[in-house]
Structure formats: C-alpha cells, structure tokens
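Chemist: Work out the full structure, taking the sequences as your base and the hints as a guide.
Chains H and B supply the protein sequences, listed in that same order. Under the UniProt record's numbering, think of the first position of the first sequence as 1, with each following residue one higher. Under the UniProt record's numbering, think of the first position of the second sequence as 1, with each following residue one higher.
If you are wondering where the hints come from, they were derived from the structure by calculation, not from laboratory data. There's no promise every hint is true.
[To be verified] Below 30 Å or equal to it, Euclidean Cα-Cα: the simulated BS3-like pairs (lysine-lysine) are:
1. 130(H) to 118(H)
2. 118(H) to 141(H)
3. 209(B) to 140(B)
4. 209(B) to 118(H)
5. 130(H) to 51(H)
6. 118(H) to 51(H)
7. 141(H) to 140(B)
8. 51(H) to 141(H)
9. 140(B) to 51(H)
[Stated by the list, open to error] Covered stretches of chain B, as calculated for chain H (at least 3 residues, CB under 8 Å):
10. 62-73
11. 189-196
Note that CB positions come from ideal geometry on N, CA and C, so glycine has one too.
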Amino acid sequence: MNYTFQFSDVLAAWPLLLKGTWITVQLSLVATVLGLVVAIFCAWAKTSGPKPLRWLVQVYIELIRNTPFLVQLFFFFFALPAIGLRWSPYTAALTAMVVNLGAYATEIIRAGIESIPKGQIEAGLALSLKPHQVFRLIILKPALRAIFPALSSQFILLMLSSAVVSVISADDLTSVAANLQSQTFRSFEIYIVVTLIYLTLALLFSGLFRLIQRRALSYPDRR
Amino acid sequence: MRTFGIQDIWFILQAAQWTIGLSLIAFVGGAIGGLVVALARTSESLVATRLATTFIQIFQGTPLLMQLFLVFFGAPVLGFEVSAWVAAGIALVLNTSAFLGEIWRGSIQAVPRGQWEAAEALGLGYGARMRLVVLPQAWKIALPPTVGYMVQVIKGTSLAAIIGFTEITRAGQIINNATFQPLIVFSVVGATYFALCWPLSFWAGRIEKRSAALQAR
Chain H
1 MNYTFQFSDV
11 LAAWPLLLKG
21 TWITVQLSLV
31 ATVLGLVVAI
41 FCAWAKTSGP
51 KPLRWLVQVY
61 IELIRNTPFL
71 VQLFFFFFAL
81 PAIGLRWSPY
91 TAALTAMVVN
101 LGAYATEIIR
111 AGIESIPKGQ
121 IEAGLALSLK
131 PHQVFRLIIL
141 KPALRAIFPA
151 LSSQFILLML
161 SSAVVSVISA
171 DDLTSVAANL
181 QSQTFRSFEI
191 YIVVTLIYLT
201 LALLFSGLFR
211 LIQRRALSYP
221 DRR
Chain B
1 MRTFGIQDIW
11 FILQAAQWTI
21 GLSLIAFVGG
31 AIGGLVVALA
41 RTSESLVATR
51 LATTFIQIFQ
61 GTPLLMQLFL
71 VFFGAPVLGF
81 EVSAWVAAGI
91 ALVLNTSAFL
101 GEIWRGSIQA
111 VPRGQWEAAE
121 ALGLGYGARM
131 RLVVLPQAWK
141 IALPPTVGYM
151 VQVIKGTSLA
161 AIIGFTEITR
171 AGQIINNATF
181 QPLIVFSVVG
191 ATYFALCWPL
201 SFWAGRIEKR
211 SAALQAR
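Modeler: Laid out in structure tokens, this is it:
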C-alpha cells in the first residue's frame, strides 16, 4: 500500500462539515416531530378509526415498509414535480423522511397502544371520559413510556438513512462530503471523517435517549 | 425522448435479477458473519465479546451508504480495484452480519438459562451445547425477525444504485433520464420492490403471530 493519507484538506473544511452535520440533525429532528404527528393520527385511525380509513392507513404502511427509502425519495423529488408539485431538495427530503418515519412509527405506537390493558380503557370509559380523552390520558401517555426505546432507535435509523438524501443534493452532511470530494479528490479520507461524524451523532443521541428514559420515563414514577 | 413502454418494464425486471442476486449474497454472507458475531457476543471470552460489540456499534451507528462508499473508495487505496458489484456485496455482507448478529444474540440469550445449565451438567462442551441445545431453540425465536430483516436487506441493495450498479433503482434512473416520465417509472420501480418485499413481510408477520400464540399457551 503506497498511499499517503491526507486529512488536512478535509479537516480545513470543518465549517462546511459542521453546517452539513447541523442540517442532518435538523432534518432528522424536524422529520421525527412531524412524522410522529402523522404516526399518532395513523395509529388512532388504525385502532379506532372508520373502516375505509383503517384500510388506507394499512396500505400506506405496507407501501412504505416494503419499498426502499431511496425510491421513496426519488418519487417525491422527481415524480411529484411532474404533476405540478414543485419543491426544493430540502423540502422533498424532509417530506420523504416524514412519510417514511410516519409508517414505521405508526406500528410502534400501535404496539404501545395495544400494550395498555383493556380494563384500563374500560375503566376510563366507565368514569365517563370521552373516547378522545381516554386516548389522550389513558392510552397515549403510558404507551409513550413503553415505546420510547423503539422510537429512539427509529430516530437513529432515520438519521443514518438520511445520508441518502444527498443524491438529490439536500445540503446534508453526505452532500457536503460529496462536494468536498469533487474539490479535493480525497474521497477515502472524506468518507472516513464523515462516517466518524455519523458514528458520534448516533452514539450521542442513543446516550441522550437512554438518559431521558432513565430520568423521565422509568418506573417507579412517583410524581 | 421516447415514451415509457413494455421494453422498459422488461429492463426493470431484468435489473431485478441483480437486486435478487445482491440480496442473496448479502443474506448468505451476512448469515455466516452474523452467526460468528452472535456467538462471539454470547461467548465467555471478553476479547471476543468486545470485538463483536465494537463491530456491531460501528455498523449499526453509521449509514449503510457511508459503508458502501468506504469500501468503494477505500479498496483502491488498499491496492484492490473493485467493481461497484463487489463493493456493494462486501458492504452489504458486513452490514447484514452486524444486524443479524444482534438479532441472533437476542435469540440466543432468550433461550432459558436452565437449558444452558442442564447442557453443562450433562457434560456437553461448548460446541455440543450450542449445536444440540441452544441453537435449535434460538433458531425458532430468531426465525420471524430474520425473515423480516430480509426485507431490509433487499431495500438496502437499492443504495448500490448510487455507486452505479445497475439494479432496480438504477434501472429506473436510466429509464427516467430517457423518457422523463418519473411518475410512471418510479411507480413501477416501487411496485417491483413491493412485489419482492411484501411476501416476505407477510410471511414474517404470520410466523411471528404463530410463535407468539405458541408462547402464550
């Protein structure tokens, strides 16, 4: 092996890498928040919504879970503009991520809802709570505690798979890497550095989520 | 500019052979690697456990796309010229090893402790204990998530399109560039993946229900 590693060009571009990292984190956080809104709605629709809606949500989930994220991204970025919906790479990437996370999180949330004993729901109804109150107070909150670990790993998976949005140049960390590559031709070094950044992000977030789980969501809860 | 036609669907179906081929390589290689990782993770050797844990953390904590790039751009640095096909194969095998390793570690550890102890009490060595007592039971627990993971492997092969390997997604890009009918092209591409993945998802769901019912008995 007669290759000399040269990290100087890559490391000199740290402001760009930092900006790309921030966009990756931002995309993942925003997509997760919006995706959770979608998922909570879909989980409600799937467990207690009207029949046609249940069916529609099921189709959405199966379609998303059985096709690659890259194809979904292409669909949103290339196909929808063809029928008049024009948007920036960033918005297309964000939409694809929201739609993708929404489908996976629906199943996680549904499992959480189903983990609530039926008797508690009946007790809530017997106390003359309205169905939406039962959902919000008796199902949603304790279910959140049960599904938090699964949701946090889904967040990390989303953040890592978001590297793919670079193919439509959405300015994320991997896009920055691709641009640097065409300027410096130091592909291997760039991808080593960027991979390490992703690894750091993943470890940081999983540590953070574990902390939240321990501090705010663990039993016994005496507050 | 031409319109999307039957020959394009044919082109996508032909490209599906490559997706299936790449998935099989990733799955078979990943199953072998995954077994090694799972056994290392559950072994009594501290070095093996640490090595396997680090391996899993690296591959689960970084994007598959980066792993693909590192193999694709890194191999020439180490003196090997690799094609997109080989690079994708290597990256996917390593990635699948890490994920299957973690799934199977969970399954091995889900085998009741008493079974391990009983095997030890019978004087079985590590090899015999694993082969005759632990793995056959772990296999049943592992089957549903393993089948489910095959779907992830198939979807993962789409990333090979980015380094220029002509599988389903790349075929779609090529046709789209020629016809500029993205709506139909990417719908067909999506439908092709769906046709490959959905039966596996369905099967995974069924065997999972069955094993849940067995455990509830």
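Chemist: Look at each hint and say if it fits the structure.
Modeler: Evaluated hints:
1. Among the hinted pairs, residue 130(H) with residue 118(H) is consistent with the structure: their alpha-carbon atoms are about 16 Å apart, no more than 30 Å.
2. Among the hinted pairs, residue 118(H) with residue 141(H) is consistent with the structure: their alpha-carbon atoms are about 15 Å apart, no more than 30 Å.
3. Under the criterion of a C-alpha separation no larger than 30 Å, the hint pairing residue 209(B) with residue 140(B) is consistent with the structure, at around 13 Å.
4. The hinted pair formed by residue 209(B) and residue 118(H) meets the criterion: a straight-line CA distance of about 20 Å does not exceed 30 Å.
5. Annotation: proposed proximity of residue 130(H) to residue 51(H) holds, straight-line Cα distance about 21 Å (limit 30 Å).
6. The hinted pair formed by residue 118(H) and residue 51(H) meets the criterion: a straight-line CA distance of about 21 Å does not exceed 30 Å.
7. A threshold of 30 Å between alpha carbons decides the hint, and for residue 141(H) with residue 140(B) the separation of about 34 Å lies outside it, so the pair is violated.
8. Note on residue 51(H) and residue 141(H): the hinted pairing holds, with a Cα-Cα distance of about 25 Å set against a maximum of 30 Å.
9. For the suggested pair residue 140(B) and residue 51(H), the alpha carbons sit about 35 Å apart, so the restraint of at most 30 Å is broken.
10. Residue count for the segment 62-73 of chain B with a Cβ under 8 Å from a Cβ of chain H: 9. That meets the three needed, and the coverage hint holds.
11. Counting residues of the segment 189-196 of chain B whose CB lies closer than 8 Å to any CB of chain H gives 4, which reaches the minimum of 3, so the coverage claim holds.
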